[in-house]
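If you count by our numbering, then the sequence shown holds residues 1 to 156, one letter each, in order.
There could be a bad hint or two in this list.
To be verified - In silico DSS-like pairs for lysine-lysine, Cα to Cα no more than 27 Å straight-line:
hint	residue 1	residue 2
1	K73	K135
2	K102	K133
3	K73	K86
4	K66	K133
Said to hold, decoys possible - Pairwise CB distance ranges, derived in the manner of DEER restraints:
hint	residue 1	residue 2	range
5	N23	D99	40 to 48 Å
6	I36	A100	28 to 36 Å
7	L34	R104	40 to 48 Å
8	D29	P74	23 to 31 Å
9	P26	D52	44 to 52 Å
10	P60	S19	46 to 54 Å
11	P26	K135	40 to 48 Å
12	A42	S101	23 to 31 Å
Calculated from the structure, these hints are not laboratory results. Beta carbons are placed, not taken as given, at the ideal position from N, Cα and C, and that holds for glycine.
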Amino acid sequence: MGASIAEHDHDDDSDFAESHEINVTPFIDVILVLLIIFMVAAPLSTVDLPIDLPTSTATPQKKPDKPTYVSIKPDLSVAIGENMVKRVDLVHSLDAMPDASKERHVFLRADRAVPYGELMDVLEILRAGGYAKIKLVALEGVPEGAASHVAAPAKP
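The task is simple: from the sequences and hints, build the whole structure.
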């Protein structure tokens with residue numbers, strides 16, 4: 001609560017008129033700082049490789065704080081996060097990461113256009129390098145062809 005000091009006609013200066021206005025300036029400053037922090041941090045938490053992932057109806061699982069993504073692009077090139085690597089250097093690059101551990105989960109993303117054999121080749125490279133905890137990444141939702149497999153209701 002605030003008080004306003006104003007000159008009054010009477011001699012009793014001990015009565016201050018109360019002001020019932022809320023000062024929102026500090027609140028707006030805090031909100032703007034938080035907005036800037038989120039605007040800067042949001043793009044850093046995503047992987048920006050353009051990959052057309054297939055969809056899955058599986059129950060989504062909790063993602064770790066700092067996931068390790070291995071991506072296979074449509075041109076069959078391989079990337080860790082957003083850094084392109086050669087297939088022969090894939091395991092070495094994973095081992096050289098700061099949080100290197102064979103027990104961590106590796107999230108494998110592959111474009112819809114990638115042949116199954118190429119996906120299996122990358123899986124085999126990871127398995128041979130000691131990475132056994134591999135999770136496949138897909139988009140959440142109903143697969144595109146699933147709607148045609150649902151039987152139409154019988155008409156009375």
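Verify the CB-CB distance for N23 and D99 against the hinted window 40 to 48 Å. 45 Å, holds
Is the hinted range of 28 to 36 Å satisfied by the C-beta distance from I36 to A100? For I36 and A100 the Cβ distance comes to about 33 Å; the hint holds.
How does the Cβ-Cβ distance of P26 and K135 compare with 40 to 48 Å: does it lie in that range? Holds, at about 45 Å.
Do the Cβ positions of P26 and D52 conform to the proposed distance bound of 44 to 52 Å? Given range 44 to 52 Å: holds, Cβ gap about 47 Å.
Does the structure keep K73 and K135 at a Cα separation of 27 Å or less? Measuring from Cα to Cα gives roughly 17 Å; hence the hint holds.
Given the proposed pairing of K102 with K133, does the C-alpha separation stay at or below 27 Å? 8 Å, holds
With a cut-off of 27 Å on the C-alpha distance, tell me whether K73 and K86 pass. 12 Å, holds
Are the Cα positions of K66 and K133 separated by 27 Å at most? 15 Å, holds
With 46 to 54 Å as the target window, see if P60 and S19 comply at their CB atoms. The hint (46 to 54 Å, Cβ to Cβ) holds, given that P60 and S19 are roughly 51 Å apart.
Do the Cβ positions of D29 and P74 conform to the proposed distance bound of 23 to 31 Å? Violated - the Cβ-Cβ distance for D29 and P74, about 46 Å, lies outside 23 to 31 Å.
Does the beta carbon distance between L34 and R104 stay inside 40 to 48 Å, or does it fall outside? The hinted range 40 to 48 Å is violated for L34 and R104, with Cβ atoms some 31 Å apart.
Does the Cβ pair A42, S101 satisfy 23 to 31 Å? 27 Å, holds
The structure fails to meet hints 7 and 8 from the earlier list, while all remaining hints are met.
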